[in-house]
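Sequential numbering from 1 applies to the sequence shown in my numbering.
No lab work stands behind these hints: they were computed from the structure.
These numbers come from a predicted model, not from an experiment.
A few of these clues could be false.
[To be verified] Simulated DEER-style distance windows between Cβ atoms:
id	residue 1	residue 2	range
1	Thr41	Tyr8	28 to 38 Å
2	Phe22	Ser44	12 to 22 Å
3	Val9	Met43	11 to 21 Å
4	Tyr8	Ser47	13 to 23 Å
5	Leu27	Phe5	27 to 37 Å
6	Leu35	Thr2	26 to 36 Å
7	Ser47	Ile15	10 to 20 Å
8	Leu35	Met13	30 to 40 Å
Every residue gets a Cβ at the ideal spot worked out from N, C-alpha and C, and that includes glycine.
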Amino acid sequence: MTLIFSFYVFKAMTIRILRLGFLISRLCPLAWFSLEFTKKTLMSFLSPYRFLIKAF
């Protein structure tokens with residue numbers, strides 16, 4: 001139950017981060033830089049959830 005809940009929270013947070021990254025890339029003329037930054041932020045956010053990804 002907790003695993004399913006944390007997976008949904010993780011999914012919602014990921015969507016939020018991706019939307020934020022998309023918004024930044026739309027606003028920022030250096031779209032490539034902001035995309036790289038978003039990827040790095042996403043990867044650093046994902047690192048605690050690696051065991052969850054391996055579980056699925």
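(request) Hints the structure violates: just list their numbers, smallest first. (result) 1 and 8
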